[in-house]
Amino acid sequence: MGITQLLFWILTILTLGSALMVIFSKNPVHSILWLIVTFFSISGHYVLLNAQFLAIVNIIVYAGAIMVLFLFVVMLMNLNMPAAPLKKKWLKFAGVLSGGSLMLVLIAALKDTESMRREVLMQTGDIGLINSLGMVLFKDYILPFEISSVLFLSAMVGAVVIGKKT
Amino acid sequence: MTLLAFDWGFALEKLVLIAIVITVSLVVAMYATYAERKVAGFMQDRLGPNRAGPFGLLQPLADGLKLFFKEEIIPSNSNKFLFILGPCLAMLTAMMTSAVIPWGGKVELGGRMVDLQVADINIGILYIFGVVSLGVYGMMIGGWASNNKYSLMAALRGASQAISYELAMGLSLIALLMLTGSLSLRTITEQQIQGNWWNIVYQPLGFLLFFICALAECNRAPFDLPEAESELNMGYHQEYSSMKLGFFLFSEYINMFISCTIIATLFLGGYDMPFVDEAKLSGIAALIVGLVALFGKTFILIFIFMWIRWTLPRFRYDQLMNLGWKGLIPLALFNMVITGAIVLFTMKAH
Numbered sequence: 001m002g003i004t005q006l007l008f009w010i011l012t013i014l015t016l017g018s019a020l021m022v023i024f025s026k027n028p029v030h031s032i033l034w035l036i037v038t039f040f041s042i043s044g045h046y047v048l049l050n051a052q053f054l055a056i057v058n059i060i061v062y063a064g065a066i067m068v069l070f071l072f073v074v075m076l077m078n079l080n081m082p083a084a085p086l087k088k089k090w091l092k093f094a095g096v097l098s099g100g101s102l103m104l105v106l107i108a109a110l111k112d113t114e115s116m117r118r119e120v121l122m123q124t125g126d127i128g129l130i131n132s133l134g135m136v137l138f139k140d141y142i143l144p145f146e147i148s149s150v151l152f153l154s155a156m157v158g159a160v161v162i163g164k165k166t
Numbered sequence: 001m002t003l004l005a006f007d008w009g010f011a012l013e014k015l016v017l018i019a020i021v022i023t024v025s026l027v028v029a030m031y032a033t034y035a036e037r038k039v040a041g042f043m044q045d046r047l048g049p050n051r052a053g054p055f056g057l058l059q060p061l062a063d064g065l066k067l068f069f070k071e072e073i074i075p076s077n078s079n080k081f082l083f084i085l086g087p088c089l090a091m092l093t094a095m096m097t098s099a100v101i102p103w104g105g106k107v108e109l110g111g112r113m114v115d116l117q118v119a120d121i122n123i124g125i126l127y128i129f130g131v132v133s134l135g136v137y138g139m140m141i142g143g144w145a146s147n148n149k150y151s152l153m154a155a156l157r158g159a160s161q162a163i164s165y166e167l168a169m170g171l172s173l174i175a176l177l178m179l180t181g182s183l184s185l186r187t188i189t190e191q192q193i194q195g196n197w198w199n200i201v202y203q204p205l206g207f208l209l210f211f212i213c214a215l216a217e218c219n220r221a222p223f224d225l226p227e228a229e230s231e232l233n234m235g236y237h238q239e240y241s242s243m244k245l246g247f248f249l250f251s252e253y254i255n256m257f258i259s260c261t262i263i264a265t266l267f268l269g270g271y272d273m274p275f276v277d278e279a280k281l282s283g284i285a286a287l288i289v290g291l292v293a294l295f296g297k298t299f300i301l302i303f304i305f306m307w308i309r310w311t312l313p314r315f316r317y318d319q320l321m322n323l324g325w326k327g328l329i330p331l332a333l334f335n336m337v338i339t340g341a342i343v344l345f346t347m348k349a350h
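Chains A and B supply the protein sequences, listed in that same order.
Residue 1 is where the first sequence starts when you use this note's numbering, and the numbers rise one by one after that.
Residue 1 is where the second sequence starts when you use this note's numbering, and the numbers rise one by one after that.
Watch out, some of these pointers could steer you wrong.
[Stated by the list, open to error] Simulated crosslink set (DSS-like; lysine-lysine; CA at most 30 Å straight-line):
1. B:LYS149 <-> B:LYS80
2. B:LYS149 <-> A:LYS164
3. A:LYS165 <-> B:LYS149
4. B:LYS14 <-> B:LYS38
5. B:LYS66 <-> B:LYS80
6. B:LYS80 <-> B:LYS70
7. B:LYS106 <-> A:LYS164
8. B:LYS106 <-> B:LYS280
9. B:LYS14 <-> B:LYS66
10. B:LYS14 <-> B:LYS280
11. A:LYS26 <-> B:LYS80
12. B:LYS70 <-> B:LYS149
13. A:LYS165 <-> A:LYS89
14. A:LYS88 <-> A:LYS26
15. A:LYS165 <-> B:LYS14
16. A:LYS111 <-> A:LYS26
17. A:LYS26 <-> B:LYS149
18. A:LYS111 <-> A:LYS92
Keep in mind the hints are simulated off the structure, nothing from the lab.
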């Protein structure tokens, strides 16, 4: 077992463990902090796949910006009550049933796809590096890229309009 | 056992380098507190600290010792784990940024080429942004875990300030990156050494914007709203005592040192001594000249940081937000468009 494999397993355990802790923590602030740990370990996986740009963007955007906003909202709403009101029994059953069937469908859909059968190339391939990614984004996928930026712009305008209304 | 097939000399070299970098940042930050009080004294026509040791030079040690011996208080209604985590995170993120700064060129030591940079990654600047954006957490978690409304208010203020000014900071850097065509701090420095001018000549507006945003990110006056003691009693670290408070205060000085180093690296040529051709010097001499140049620039910038702090009064919250969103961001966008147009027309593309 090389150092890469060792790191992979450590990161995997960390990712899954912290993801589970997100769900099992009673305190919403703790959940958010565990989610940040999850993002960090996913970024670690990106680095192992030689996708440093993706790794750092994942940290900047998710851990650095979106999670801060989550924290803002949770802290201002002061959700740290000792016990959240218990849901009804049938609601729990319905949740488990629908979530479980969603997982079943996803696994069934993904298990035979081509990308699952391909072996992961560790530390090779350079699509995650900033040079190659920029080339691909601005040459091959320029139209979808620009359209998505227009989408972001319209979302920003919408947010400003809603903010002005009050 | 392939696990041991690893360049242990490399690991050792990096460990020693990290230890040196961290020690230097701590010592500089320690004496930055002394320098701050001396500068404040000078600006206000006082003497400043002059009791401990010659010229008061032992004052930082005395302050540190005092903080260590103070009573450690954890408020009973606070979230204990997060209360301790807050200052730790603040210190950690302050230290992590130094990893990608090139402190000098390569030197040959004992048959190895030693790179005076902990990690020369090709996304150096983005790494700095990532760590800076995490710096908010120490403040926010500390402020929230204290279970005090003033702390929470200050933490929210600090976080929104940091987020707002990060945007302008990023935008002001994009223009610089268009010119350099690289995100690696090593490459950016080497381009400035080989080229005729430092980046500040090509990007005066970018430099100014970056400098202002760095002030705001370090929570330095006039942007020290998270610590506005007249409105918030003390700020996000109100409930903290002893060395945990010390960590919060100290991490700010480390942040100041590191951000001055980054400004020096990005805009002022890094370890490039003006009017000296480093290529003609021998290895060790070039190294010393480079270190002197980098630290000289950094200390001048730190002095300017202090000068601004003791000259300007604090912004009001709405003024702060207006400046960030309506002043700096449009200016940064303007700078970006101009730079982009010039790069396009002169075809200085890399």
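Hints the structure fails to honour: 4, 7, 9, 13, 15, 16
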